[in-house]
Amino acid sequence: MPGEVKCPQCGFQILSGQKLCRNCGSRSAEKC
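Counting in numbering that gives the first Met the number 0, the sequence shown runs from 0 upward without gaps.
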């Protein structure tokens with residue numbers, strides 16, 4: 000689905016509007 004990204008570190012699903020993973024805190028939503 001558009002607007003959703005998976006964290007490369009922990010695989011947690013993140014919304015594209017967020018820049019930090021809510022699970023591990025990794026900056027992963029930059030690829031959208």
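Keep in mind the hints are simulated off the structure, nothing from the lab. Check the hints yourself; a few may be wrong.
[Unchecked claim] Below 25 Å or equal to it, Euclidean Cα-Cα: the simulated SDA-like pairs (lysine to any residue) are:
1. 5 <-> 21
2. 5 <-> 23
3. 5 <-> 18
Okay, the hints, checked on the actual structure:
1. Between the alpha carbons of residue 5 and residue 21 the distance comes to roughly 11 Å, so the proposed pair stays at or under 25 Å and holds.
2. Pair hint residue 5 plus residue 23 holds up; C-alpha atoms about 12 Å apart against a cutoff of 25 Å.
3. At most 25 Å may separate the alpha-carbon atoms for a hinted pair to count; residue 5 and residue 18 meet this at roughly 11 Å.
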